[in-house]
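Trainee: Residue numbers (the numbering used here), protein chains in the order written: chain G, 645 to 1040; chain A, 645 to 1040.
Be careful, since some hints might not be right.
For identical chains, the list gives no copy identity; a pair is met inside one copy or between any two copies.
To be verified - List of simulated lysine to aspartate or glutamate pairs, DMTMM-like, C-alpha gap at most 20 angstroms: (1) Lys1021 <-> Glu772; (2) Lys752 <-> Glu992; (3) Lys980 <-> Asp906; (4) Lys980 <-> Asp797.
If you are wondering where the hints come from, they were derived from the structure by calculation, not from laboratory data.
Note that the structure is a prediction, hence the values are computed from the model and not measured.
Number of protein chains: 2
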Amino acid sequence: MVALFKASSACYIQSQHTTSTKRRRTHDVVRIRPPPPPRSSPLRIAEDMASKLGLEITIADLERLFRQAPGGHPPPPAADAGDHGGRPPVRVAYQGGRGSYCQEAAAKAFPPSSSWQQPPALIIPCSEMEEAFAALEDGAADRAVVPAENSVDGPVPRNLDLLLRHPRVCIVGELVLPVNHCLLSLPHAPRSALRRVVSHPQAISHCRDRLRALHLQVEEVASAADAARFVAENRIADTAVIGSQIAAHEFGLRVLENNFQDLAGNFNRFLQLGLAGSTGAVVSEPNLDDNDNNNHKTTVAFSLERGVSDLFRAMWIFESRGVRVARVDHRPNRSKPVRVEEREEAGEIARFDYVFVLDLDGNASDTNVEAALARLKEIAGFARVLGSYTCTSSLA
Amino acid sequence: MVALFKASSACYIQSQHTTSTKRRRTHDVVRIRPPPPPRSSPLRIAEDMASKLGLEITIADLERLFRQAPGGHPPPPAADAGDHGGRPPVRVAYQGGRGSYCQEAAAKAFPPSSSWQQPPALIIPCSEMEEAFAALEDGAADRAVVPAENSVDGPVPRNLDLLLRHPRVCIVGELVLPVNHCLLSLPHAPRSALRRVVSHPQAISHCRDRLRALHLQVEEVASAADAARFVAENRIADTAVIGSQIAAHEFGLRVLENNFQDLAGNFNRFLQLGLAGSTGAVVSEPNLDDNDNNNHKTTVAFSLERGVSDLFRAMWIFESRGVRVARVDHRPNRSKPVRVEEREEAGEIARFDYVFVLDLDGNASDTNVEAALARLKEIAGFARVLGSYTCTSSLA
Chain G
645 MVALFKASSA CYIQSQHTTS TKRRRTHDVV RIRPPPPPRS SPLRIAEDMA SKLGLEITIA
705 DLERLFRQAP GGHPPPPAAD AGDHGGRPPV RVAYQGGRGS YCQEAAAKAF PPSSSWQQPP
765 ALIIPCSEME EAFAALEDGA ADRAVVPAEN SVDGPVPRNL DLLLRHPRVC IVGELVLPVN
825 HCLLSLPHAP RSALRRVVSH PQAISHCRDR LRALHLQVEE VASAADAARF VAENRIADTA
885 VIGSQIAAHE FGLRVLENNF QDLAGNFNRF LQLGLAGSTG AVVSEPNLDD NDNNNHKTTV
945 AFSLERGVSD LFRAMWIFES RGVRVARVDH RPNRSKPVRV EEREEAGEIA RFDYVFVLDL
1005 DGNASDTNVE AALARLKEIA GFARVLGSYT CTSSLA
Chain A
645 MVALFKASSA CYIQSQHTTS TKRRRTHDVV RIRPPPPPRS SPLRIAEDMA SKLGLEITIA
705 DLERLFRQAP GGHPPPPAAD AGDHGGRPPV RVAYQGGRGS YCQEAAAKAF PPSSSWQQPP
765 ALIIPCSEME EAFAALEDGA ADRAVVPAEN SVDGPVPRNL DLLLRHPRVC IVGELVLPVN
825 HCLLSLPHAP RSALRRVVSH PQAISHCRDR LRALHLQVEE VASAADAARF VAENRIADTA
885 VIGSQIAAHE FGLRVLENNF QDLAGNFNRF LQLGLAGSTG AVVSEPNLDD NDNNNHKTTV
945 AFSLERGVSD LFRAMWIFES RGVRVARVDH RPNRSKPVRV EEREEAGEIA RFDYVFVLDL
1005 DGNASDTNVE AALARLKEIA GFARVLGSYT CTSSLA
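With these hints in hand, go ahead and build the complete structure from the sequences.
Mentor: The following block contains the structure:
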């Protein structure tokens, strides 16, 4: 599959090919449009001017001046590598295809203007969750963005399983975004020409009431983003797609309606992942819009000698130290999926065994959190901090 | 779809037709083979003999005598309705098709010899989980058996969502069974003729190492049971299927290997469901094999004013009264999926909100459990006992 997509002012061809023996895809990214001529960055121009005036001034000095100016922000980055001190772009793998909600999250997490020091992020689609993890492990990506939960449908447990299987991968950020299901159609087709609406079953289930009112045929497809591309490429005038805003942008479709979902409070939670101890090309984790709010979280996974019986005791370790447990999850303990318990009245009972995953409010380096984690490690069969990171909520 | 299946000595045709407006299927069950002639039951014969000898003895007396005899078990039930005092069979809906693991669980939960008072259960396949719930609500089934969890892959959350949406449906039993993935093929085809193995992705993932050793092509299919039927009906000699033992039995396939899965400790957990306050044709919940062990559980679902922040407090209500919390789950709170919290340092934060589901050791009528549930209801936004029931573990 060859997918064409734009990353800011540069345009790339992305070619995915399946390596069947490994059962995952690798990516080759090829720049197909020459970069714009150099010297286009305001900072570079200012540096040139300073040099002509005989001033000893560096890019870093200029950036500081820009920041200190009233209402000053660092200037937007230009597209050529030279403008970023030769820095390579951050490569962000995301789970999903072009036009997917996860691409939208990756673009939100790594916006073009997030840091003037860095060229626009290179957003890399991965058809499977495993691919995004493999891209991190292989060094093909610096960051990955994967879906973690939908507030109406529940968690996507696969990423927790993969985090447990990839001990080098850790959570470096969390992003909570409102879902915006858009009703998309061909730009110039009359609305009266519509005969059907297609989308992924999850999106359809989110828009059931609104769809009923349309009195159109409703069909489920495996990928809303692929359906949007198909409608655009084949100029299909009688079919609308429930898809993301980024799908409209990517494929040139018209947004007939924004926020087409039935329920308020429909949010997606995404995790940003990275390799432990490696920042790759990431200068700093992005600070998102001023409208977004951040809080600090730590996620810890552990197993317990006596399974669920000891979960309350484990939670007590945190709660008794004033560390709030903000989430309690469990996944199968694949190394020992079932424990057999001898019960006086009932004989031998099979109990499923788990790896428990707690989200805690606070940084792993906070005194209370640190002390509680140390105590947990004393009673746990195994314990691993999956990440200590900032959670960013975008409420609108 | 017309599915032919056998329920003990009687044979039924099951016709499923889709009512498209309701988007779920209804079932018509038609007996197509006449019942065997009456008087075949040993109990009935004994009653006849007693009557001829002028003894005033009832079927109940005879059953007691059978039970008291050394090594005595009640005699197996005969197939005619007359032998069961005209009782209709228990109708058990299960999620899955003919030959599925859930059919195996339903057959295990309602074995032909479970109660001599009752004719063999009528096992009704349902292609969707929703259908099994609808069958209970409509009165088309007395009981439903649905998958709840696999010890290696984790829970099937959909049944919890459906339980929350169907307040009349409750859990009446739980069944933990070891998974037995069988390698199935045509009975007389030589093993050397095999070129490929097909199954559902989950079964394939459970048998990955064993499959690798076979050096055969591996293909994923949507339903292992349907694949087994296809192989049998079309006499396909070059394809093996990883499927259930009941699929071998249903479609006349040979079991090349039992327990083909890689990991020990691969178990399935099923829930038996019924309508609250209604037993339908069920005389008593079945007592399974003597090898199986039972313990009592209560499942309660509730929401909390302050969400996860109060979960520890809710668990404390039980733990402080000596009631062990044996499972902690949560599902989206669809009536209020997200709460916005004001945090001093971080502004407004979006927190996902949940309905929490706890499994407790003990009966809802046990003094401690009852007191704890009463206390929980005082602090919970809503609270509902989803069931108080026996959990049966079959360890081998």
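Trainee: Taking the hints in turn, state whether each one holds.
Mentor: For each hint, the structure was consulted:
Within a single copy, Lys1021 and Glu772 get their C-alpha atoms no closer than 33 angstroms, and across copies no closer than 43 angstroms, so neither meets the 20 angstroms cut-off. For the identical chains of this complex, Lys752 and Glu992 are inter-copy neighbours only, at 19 angstroms across copies versus 52 angstroms inside a copy, given an alpha-carbon limit of 20 angstroms. Taking the shortest Cα distances, Lys980 and Asp906 sit within 20 angstroms of each other only across copies (13 angstroms), while inside one copy they are farther apart (42 angstroms). For a Cα distance limit of 20 angstroms, the shortest separation of Lys980 from Asp797 across copies, 12 angstroms, qualifies, whereas the shortest one inside one copy, 29 angstroms, does not.
Comparing the model with each numbered hint stated earlier shows that hint 1 is the single one that does not hold.
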